[in-house]
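Protein chains: 2
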Amino acid sequence: MADGLRCWEPVSWTKARVDDEFWGPRQRVNRERTLPAQWRQCKDTGRVDAFRVGWRPGAEPVPHIFWDSDVAKWLEAASYSLAIHPDPTLQARVDELVDLVVSAQQPDGYLNAYYTVVEPEKRWTNLRDCHELYCAGHLIEAAVAHQQATGSRKLLEALCRYADYIATVFGPEPGKKRGYCGHEEIELALVRLYRATGEARYLRLSEYFVRERGRQPHYFDSEARARGEDPQHYWARTYAYCQAHKPVIEQDEVVGHAVRAMYLYSAMADLAAELNDEHLLAACERLWDDLALRKLYITGGIGPSHHNEGFTWAYDLPNTTAYAETCAAIGLVLWAHRMLQLRCDGRYADAMERALYNGVLSGVSLDGERFFYVNPLASNGDHHRQEWFDCACCPPNLARMIASLGGYAYARGSDGVAVHLYLGGEVGTRLADDTSLRLIQRTRYPWEGSVALTVEPDRPTEFTLRLRIPGWCRRHTLRVNGEPLRACVADGYACVRRTWQAGDRVEVEFDMPVEQVVAHPSVAQDSGRVALQRGPVVYCLEGVDHPGGVHRLALPPDARLRPRFDPGLLGGLVVIEGQAMALDSRVWDRALYLPADAVRSSPVILRAIPYFAWDNREPGDMAVWLWRG
Amino acid sequence: MADGLRCWEPVSWTKARVDDEFWGPRQRVNRERTLPAQWRQCKDTGRVDAFRVGWRPGAEPVPHIFWDSDVAKWLEAASYSLAIHPDPTLQARVDELVDLVVSAQQPDGYLNAYYTVVEPEKRWTNLRDCHELYCAGHLIEAAVAHQQATGSRKLLEALCRYADYIATVFGPEPGKKRGYCGHEEIELALVRLYRATGEARYLRLSEYFVRERGRQPHYFDSEARARGEDPQHYWARTYAYCQAHKPVIEQDEVVGHAVRAMYLYSAMADLAAELNDEHLLAACERLWDDLALRKLYITGGIGPSHHNEGFTWAYDLPNTTAYAETCAAIGLVLWAHRMLQLRCDGRYADAMERALYNGVLSGVSLDGERFFYVNPLASNGDHHRQEWFDCACCPPNLARMIASLGGYAYARGSDGVAVHLYLGGEVGTRLADDTSLRLIQRTRYPWEGSVALTVEPDRPTEFTLRLRIPGWCRRHTLRVNGEPLRACVADGYACVRRTWQAGDRVEVEFDMPVEQVVAHPSVAQDSGRVALQRGPVVYCLEGVDHPGGVHRLALPPDARLRPRFDPGLLGGLVVIEGQAMALDSRVWDRALYLPADAVRSSPVILRAIPYFAWDNREPGDMAVWLWRG
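Protein chains in written order, with my numbering: chain U, 1 to 629; chain Y, 1 to 629.
Worth flagging that the hints you see were computed from the coordinates, not collected in a lab.
Please read these numbers as outputs of a predicted model, since none were measured by experiment.
Even for Gly, the Cβ is constructed at its ideal location relative to N, Cα and C.
Treat the hints with caution; some may be incorrect.
[As the list claims (entries may be wrong)] A few chain Y residues that face chain U, going by a derived Cβ cut-off under 10 Å, partial list only:
1. L296
2. A531
3. D589
4. D597
From just these sequences and the hints, can you work out the full model?
Structure representation (structure tokens):
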């Protein structure tokens, strides 16, 4: 059991099998379609072969500074997948790739395909912009996942050598560079490396990177001067872009590039846990409130602006122009999951679930081969998933999230087990008293609110089973072995403490009506509007279901809305149907503005589908927020 | 009287005095505050002294490529002002400036402060980006205005020499460059020069610039190659940015940088009139419909995007992030006014008026010394007027528009006179039969809908007086010498034909209730919302009047709204008052999203002020579009 502030240790993805009708097929598509397609992309674009470090000036393609990270995330995703579902073809690709990556390592331990061959003289000269430590971080995460999935230590040892070399270059000691990466990632990766190896030096290096960030004199200033540049001419204008505008302990607003922010805050939460650092925890909680109460899309998307791929100001949540990068929603899951390790508090799990079922899952097509980088909440019909991107961070990030999903569902604490996510499947863990425990979960979540858990300790033992009561749920019932139970709900978790016997059965029923949700009145872009949500799933309207266009539909406040499972639609999902009003378009033939009393509307059938499933049929317009009228 | 398609010749600003209680004080502030303040800015920033062409490498400030245009627009504005109100101090500054500008002319006629001294070897090497002909155009407009205002031909002759030199450089003839400017302006300026001098070669040069635009092989391609650049690497990515993506005659969507577009379309309308070119007229009408029916803010602002300072797609009219550059709204007035010369059609006058009273006038503070470059329709409180800008196109553009306003109000045609705008004052013109006519207009427009016109021909004569019936007006009455008259209304103008005697009196009464206006349902950003308009004036709510914040106010569909003239507020204006509903904010303390049925609202007093007058009191949030609820 973890010490200190890390009260709730997640049950590893290696121990949590997912096999329900919602996520099961998605993990299969991830394995059968997404991973092979992404492998081909990494091969075809030269990302894999870049690790041959055979590039010479004039050759095409020229490796790019962050290609390593794409390959590393694919390798991490493939490792997760192998752990939950053996696959010889995938295993062979992974083995080949591991050999190739390790072969690129330099005698001093350095491992970066770009700087080894394209600009070797510029190694460590532009941490601010060039993602060098970020790439190292993703390779470290891949190595940890690979070792945990396969048992092979080959890649892990190479990355330990690289991390050890990095520790000779960076740190507070005299003679070392006092640098850190402009794109956070290595910080959380080093905590993973510490946990996988037990080597405290990796935790110390992570702590150094996090604590040094934003201190004066500013490393990015001196680094820019060393390159002969004026630090004032920083293209992003402010170090808030990379959360380096002040020491992290003093930060209280989520700012800048959203993915960077999430990765930093994830590392801060990890360090708060490992170092028992209440100040880091307090900073995380301040930042969390700023995000969750002022800067979070209803889809779990974050970072509204294309300009900085990130945050702007409080309550600025435009819909059509939302950036809401897929990686940022994934980053929110990573951070929320780490906050849950510090506090078993439903608000973190609510945000994690909100992102997973909406702004994360929207990132991939149902066929698993096309991806959103940007996830707007409204579209005029010109936004579609693509097979790949020049900057391809999102696709393999999705692949690793879906493959490792089981690892986000359960945690064990000093007095028992917590269930954060409702996924059908099975998990095995060991309680604080060394009892071995299996939990079998059966549910049609998120389409139905019934969850049945079978508790299988290897001997009768007393512990608390914490069952998350989702924030969206206004009424739930709980039964143990068929008997109704009124359990106390603390911080969003129903706590059932008893001596559990093998075969004990817990049933939870969450009321899951269609909810009309409104946004805080300071969200100007949503005022006068309503979104439809049922359970954790946020809905949208698509043009293909509403030929007159979705932006002219209004939902009367007393609209009767009914959920219906449609097995033939988009792989089977619950649609919401009812009656809306559509503005009469004829009066608009020769007008852009009219007196309100000149406008008429007539009833139409409304059909909303889950937001995550949009843009899988005919291209068209889309809206999450409907106006009321 | 004009020939051909130019059926309605505007009565010059030199002949139209404005002295009502709305525009009179604004012209005075323009003269007493704005012009002196802008002169100081042009002096202090080095814009004026740049014409000394004494800059040497290393000296600061370095003249900028479009500084000439700022000074030229100031000179044009000052000339207009001198014509309507003599002012010895201003006259002295103008004289001094004219001498200075003329002194900068090179022996070959070239007149550009930047290229003469900073990069003389690059003259005419980058028409696409460097505004060289644009600056020439503004100097030509200044010269025409200066000659017409003062009678002095000094500047006009210098600019004729420059234009003659330009004609030796550019044109379809062998040996000349087949170029044209990336930023349109010289095209309309050359038509003005032609009209002022009668020299057809200036019309031909304008025609050449307009017809050559967008033709293949593309001049900007070859010009880029000549600079050693790859034309594919054009920073703006598409020649649609400067309306050079295809020949103008084929264009049917307003695209790209909004100011450039307006200046081009203005020139196209001018050329359609002068050349009797139905194809150019048809292109103008197609483009007009695209703008007026799909891309026009209710304020008359145009060009929603900061990205290209211009147009995006149909119905994309975001409020908070609206760019709606002041110069673009002014450009719309210029274009609309030229379309009115082709067709006396109220839709052009409606757009001209919409822009004037809203998106143009918002560009300047009530004290005349601060300016908006960007005119959003909603603000979180962080948008404020500034005294000046590095790119200072808007302030002097406002100054010239306000000083020359009288020139937009009246036109004469073959059968009489048209009144496009209701401004108190007096105008003199000569009818087709050579009758000399004075019109005296008395009105409290836009605050009241009553207009009284006294008709003073120097002898009794029959002609048609066309009185615009504004598109916003649903009911009007007309009297001639006290007798009610039902005049036929054609294309938005009431036509009163009779033999007019000196002293005949026409009274029009426009019903001017508060209107709740809605936008076309395809304008996603306004759906479910309503704007308040009374007469031509669009209203907004400001935070200073609504301490709880304007974005949480909802207007019930049956809200009773009353106009009230408040003489003490912001120089005296009509406010709109009534009752709105404000969302209860207490339930939102710890939530960003809530079920709609958890939210309550309570009545509050609403006070709307004219949009043009916002940001003249305490800084705060602002909204034009209110939600209905």
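For each hint, the structure was consulted:
1. L296: Interface hint status for L296(Y): holds (6 Å vs cutoff 10 Å).
2. A531: 8 Å, holds
3. D589: With a closest approach of 9 Å, the D589(Y) hint holds.
4. D597: 8 Å, holds
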